[in-house]
Amino acid sequence: MNVFRFFLGVIAALMFVARAAGAELEVHVDNAPAEGVLVFQVYDNPDAFGDFRSPAVETRLTVSADGIYRLDAIPAGVVALLVYVDENDNRALDRTFIGIPKEPIGLSNQYRPKGPPSFQRAAFTVAEGGAQRVDIELYEVLGESGQWGVGIGVIGRSSPYLGSDSTVVQVIPAITYFGERLQWVGPSLRYGLFGSDRLRFAVNATYRVGAYEEDDSPALEGLGDRDNTLMAGVGVVYDGPNRVDVDFRYQHDVLDRFGGGTAELRVSRGFQSGNLSWAPSLGVNWLSRDLANYDFGVPEWAALPERPAYDVGSAVSAEAGIGGMLEITENWRVVLDVGVEYLDSDIADSPIVDEQYVIKGFAAVTYTF
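Mapping of the sequence shown onto mature numbering (1 follows the signal peptide of the UniProt record, and there is no 0): residues -23 to -1, 1 to 346, in sequence order.
To be clear, the hints were calculated from the coordinates, so they are not data collected in a lab. The structure presented is a predicted model; accordingly, all values stated were derived computationally and were not measured. Beta carbons: idealized from backbone N, C-alpha and C, even for Gly. Misleading hints may appear alongside valid ones.
[Unchecked claim] Each pair of labels, with its calculated beta carbon distance range:
(1) Ile75 to Pro276: 37 to 45 Å
(2) Val131 to Val317: 13 to 21 Å
(3) Pro10 to Val311: 35 to 43 Å
(4) Trp309 to Glu117: 17 to 25 Å
(5) Ser250 to Val335: 23 to 31 Å
(6) Tyr116 to Gly236: 44 to 52 Å
(7) Gly187 to Val131: 12 to 20 Å
Work out the full structure, taking the sequences as your base and the hints as a guide.
Okay, here's the thing in structure tokens:
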């Protein structure tokens, strides 16, 4: 028994020494509420900081009248500090549908990102056993009227159709808006309904460009141009551990151009390298029979000897891609997203289809106010 107590004492002493050996931060917080709880999160991992989850150290303190807070047992090395106001005391940083903080936050180096945060810009070095002052000013990420962005972008998409060598490349305005519930990114809108820190639900709408025009290829002549339409539906986002995110949405043709719908499921994993945030992803796309036939089928009335009638049926395709965002300054960003979609074999067997895959991409330079 005495030996057991001795070892317990040794372990406790080692834990005390390890704690005492950690660094101390004296955090001066400006613009804090008169009362409530502040959460201090110290990060030593860029990937964790990029998602504002899984900090190395987390401390909850009530608001102090002098605005000074002391944190101990801080790991030595390069770290970044996040402070936020837990307004509803739910022990989590409340976020919008796409993960933007809704509660007031502040970052070390007075860094105020307009997109995925860069660990490099918020980082500072902590010496072993030392004490250091850090100044933090709390602010609302979305402000009173949300966050607007403008820029210019380009989209591209290869054609899978027989005899078509036309790769679609189009320059577009890159306009974005992020509010507490409403998000507008290019041709897509989302409106958050309800959710928690990790699981959120929304309605969404997307402007869908027609798949082809009949003069793109001799194989398409007589089929008519495919119309643009408005797709609308519901979506779910789950922020998993280790920056693994799951995004599901279903949308239907509300203008009844073809009367069908599509469902998409994406799984991505976020990483951070310096000022670059990037994420590889895998996805599955389901097309209803109406939509698959509209884009890839041949109706009876358009059948020709060299182009027989063809009913695709519903179809499932797989997709792999990678997206990235490079922060040039707090306001300027370069966005790049490329992917390959592998078409269902029932689509590839269509008499108007020549390729089983489609390469698509998007690039933009944006400025966020």
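### Message
Could you work out which of the previously given hints the structure breaks and list their numbers from low to high?
### Response
When the structure is compared with the hints, none of them turns out to be violated.
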